[in-house]
Structure formats: structure tokens, C-alpha cells
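Peer 1: Going line by line, the protein sequences match chains R and H. If you're matching positions, the first sequence starts at 1 in this note's numbering and goes up one per residue. If you're matching positions, the second sequence starts at 1 in this note's numbering and goes up one per residue.
Derived by calculation from the structure, the hints in this document are not laboratory data. Even glycine gets a Cβ: it sits at the ideal position worked out from N, Cα and C. Treat the hints loosely; a few may be bogus.
Beta-carbon label-pair distances, calculated as ranges [to be verified]:
{"no.": "1", "chain 1": "H", "residue 1": "67", "chain 2": "R", "residue 2": "170", "range": "52 to 60 Å"}
{"no.": "2", "chain 1": "R", "residue 1": "23", "chain 2": "H", "residue 2": "162", "range": "52 to 60 Å"}
{"no.": "3", "chain 1": "R", "residue 1": "160", "chain 2": "H", "residue 2": "128", "range": "28 to 36 Å"}
{"no.": "4", "chain 1": "R", "residue 1": "105", "chain 2": "H", "residue 2": "163", "range": "37 to 45 Å"}
{"no.": "5", "chain 1": "H", "residue 1": "189", "chain 2": "R", "residue 2": "212", "range": "40 to 48 Å"}
{"no.": "6", "chain 1": "R", "residue 1": "24", "chain 2": "H", "residue 2": "16", "range": "28 to 36 Å"}
{"no.": "7", "chain 1": "R", "residue 1": "34", "chain 2": "H", "residue 2": "87", "range": "36 to 44 Å"}
{"no.": "8", "chain 1": "H", "residue 1": "18", "chain 2": "R", "residue 2": "222", "range": "16 to 24 Å"}
{"no.": "9", "chain 1": "H", "residue 1": "128", "chain 2": "R", "residue 2": "222", "range": "31 to 39 Å"}
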Amino acid sequence: MRTVVTVLRKDLLLELRTLETVPAMILFSLVTFVIFHFGLNRATIAGQLAAGVLTATLLFAAMLGINRLFVAEREQGGFDAFLLAPVDRTALLIAKAAALFTFLAVLEVISVPAFGLLLLGPSLGPPLPGLIAVLALADVGLAVIGTLVSAIAVHTRARDLIGPVIGLPLLVPALIATARATGPLLAGQGHTSPPGKWIAILALYDLVFALLAYAVFDFLLED
Amino acid sequence: MDPRPAIELRGLARHFGERTALRQVSLSVPTGATLAVLGQNGAGKSTLLRILATLLRPHAGAVSVLGEPLPKRAYAVRGKLGLLAHEPLLYRDLSGRENLRYHARLHGVGADRVEELLKAVQMYERADEPVRLLSRGMVQRLAVCRAVLHKPELLLLDEPRANLDPAASELVEPLIGRATGATRVLTSHDPRAALAEADVVLALRGGRALFVGSPAELGESRLNELYG
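The following block holds chain R by itself, in its conformation from the complex (with noise of 0.2 Å):
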């Protein structure tokens, strides 16, 4: 735990430090708010449209996040010292998913408000409970995954590439179930509770990518 809370905090430092990633992740899904008010043509957006467009702008900001959550690793030497340490190569894992669960937070406090001024029709207020409980189980998968694919793309040379072709399939199901547990939310009929057949789905699919990342990370750092 104490080599998590080391690498954790030495991420968020280095963010803190270069403002490189979470501003990016803010001002590209402000940008896409504004782009899908001017396409759909439309004042408001409310139900199930309302939450596919939120839940692919979030995740298309998280792409840019997961792109960038090894760089300093790779091109700084970070790996190799993390390597010659006497840590479980676990905590990397864990910790990377925290600095990323983290950014997503920190994008959503910003970007959930604006979608709300900017397209969403019903008020945010009522249902934003569940709207938080929904976003945290889905930034959980997209911070397990994330970790998993980026892991996976800092190593090659398209490595921008490599993290949306690997990243954005495996996240497909997650994208569903978040929609759909969210888009009753903002229909503004009164539901403030997802509904829980989404609900466990997200949660099912976090725990599998969780123990499936866990087996096999260790490996992605081997030569």
C-alpha cells in the first residue's frame, strides 16, 4: 500500500507540476459539448440521448488520459527505476488506475456541470446522486482498462494509436451499460435511481477487467 500512495502521489505531483493531461481531457470535452449542440441542432437534449452523448464525450476525454498515463514512464526512465525496486509490480497497477480514476474525477466535476448548462434539458439536480454513483462505477472500468491498454501501447512505436484501436472495443461494454443506467436519470421524469440491472452489469465488468488486469500486468512489464 505504501508503494501505491508513492507512486500515486508522485503522479499527481507530475500533473500538478505540468498541467498536461486533465486540462486537455476538460477543454476536449467542453469542445465536444459545444460541437454535438451545433450538430444535433438542438437547444436541449434529455433521456437516452442525452446520455450517450455524455458517455462517449467522457470516454473519448478519457482517451486522452489513457494515451498519456505512461509517457513520463517511458521516455523519463520511470519503469526501469520502478522496476529495480524491491516493490510488488502490482502497486504500479493500482496506483496508475488511481492517478487516472483520479483525472476522471476531476473531469467530470467540471464537465458533468457543463454538459448541464450547455445541452442537458431536465435539471441535474435531482438525479445527481445516482449520476455520480453511475460515473464512478464506470470510471473505475475506465481506469482498470485504461492502465491495461496503456500499459500495453507505451511500448510501441503508434503508440497513439494503439490505445483507442485495443482501448475503445474493450470499453464498448461499459459505454452501453453506462448509457443505459444513466439515460433514465436525465429523462426528468423523476428517476433518481439507475436502474439496477446496469448498475450490477458495470459493476460485473469492473471486477472482471479488475482481476484480469491483475493477472496479467506483471507480465506487460517483463522485457
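Take the given structure of chain R and dock chain H to it, following the hints.
Peer 2: Structure of chain H alone, referenced to chain R:
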């Protein structure tokens, strides 16, 4: 010097795709001794250091470091070796102190050791500046600190004095020199300087061991042939 071998290689080979970086390299280095690895650029020196550091797997042969076979028991060796590589393995946007504290925590070393080393290499005053703002020599001094934070039993030193002026070289000498008592493997762009420190010499050409023996046995003619 402890006669038990700190490093034993038997028929070591390593490839990168079609290219053979090391082939049939065999040698033994006693505990506490210094091995100088000589050879032109691309001879396989850095590859050998990365294999000994457990960062690369050997493709053939047997490798034993500090009594542990690699790569099978690599986890038992990590933490006992310090690698000073071409790259400083420091984050450019963190300060020297932040970098060293990060590595100290990974190795379970206290912050007081970081301060002690920063003073030893005269980087105490500039320890809070981002690494990207420091000169190459200063970064190299910090890299030396990182490599020896945990007082390793085996020092793997790839061009350890690169970018260091004579005064800075003297500063790092107590940390990476013979006085540490650690077994050392070093490469240098200056073969004569490396030979002056060595107990055992490995001369590589195209990944093959041209010579393994003592510096006295190497002789000037072989040295000239190696770099000719």
C-alpha cells in the same frame, strides 16, 4: 575481496530481433571486485548491464548475480543493485529532492539519507529546482545519488563520470568508487581510466567476448586492436 563470485555468466546470449547483441559471454567476478566492460559503441556493454540489472532477460546461457540465478530469482536481487545508466532515471518536472525522496520511498530508505547524499554531491542548495533546469553535470550527480540511495551491494555503472568535471568526479568518488566496498561493473568512454579501476576486464566486440582476464593480461596491443 571475497572470492565467492558476485557475478557469474556462462554462455550468455541476447538478441534483439535478428541482431545478436551478446553471444557466448562467460566470466566470473569475485565479490567486491570491479569489472570493466570495454568495447566500441554497440559492442553490447549496455545490454550486459541491463541484463545484470534484471531489466532484460538473457535468451541463452546462465546468469547468476549475488548468488541468485536470473531471471528466475530477479526479485531477490532487485534492491541490492544500483544502476547508473545513460538516462538519469529522474523525472524532469520534479525537483532533485522530490525525485530522490520518491526513489527512497520505493527502496524503503529514510529522507535523512536523501539529505545526506544531496550534501555529499553539493546539490543541497539546488535540490528544489526542477531537474529540467539543471545542467547535465548536476543531473548526473543526482543520478549517482539515486543509484546509491539504498547502499547497493552491486553497482552497475554505465559511463558513471559522463558530463562530470574533475571536481564533480571527486565528489561522487566516495559514492561509486572502490571505497564503497561494493562489487562494481563499469563501462567508460575512456578505457584506460576504466582499466585503472578494474580487477577483471571484459572486452566486447560485436557482442562477442574478445578478452576476459586481468588488466595486466589485456596489454596495450589488444587494447589498440579493440578500439582500432
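Peer 1: All hints are to be evaluated individually against the structure, with a verdict given for each.
Peer 2: Hints, one by one, checked against the model:
1. H:67 <-> R:170: 52 to 60 Å: violated, 43 Å
2. R:23 <-> H:162: 52 to 60 Å: Because 36 Å falls outside the window, the suggested range is violated.
3. R:160 <-> H:128: 28 to 36 Å: The hint (28 to 36 Å, Cβ to Cβ) holds, given that residue 160 of chain R and residue 128 of chain H are roughly 34 Å apart.
4. R:105 <-> H:163: 37 to 45 Å: With a Cβ separation near 41 Å, residue 105 of chain R and residue 163 of chain H satisfy 37 to 45 Å, so the hint holds.
5. H:189 <-> R:212: 40 to 48 Å: holds, 46 Å
6. R:24 <-> H:16: 28 to 36 Å: At 34 Å between Cβs, range holds.
7. R:34 <-> H:87: 36 to 44 Å: The hint (36 to 44 Å, Cβ to Cβ) holds, given that residue 34 of chain R and residue 87 of chain H are roughly 42 Å apart.
8. H:18 <-> R:222: 16 to 24 Å: This hint holds: roughly 21 Å between Cβ atoms.
9. H:128 <-> R:222: 31 to 39 Å: holds, 36 Å
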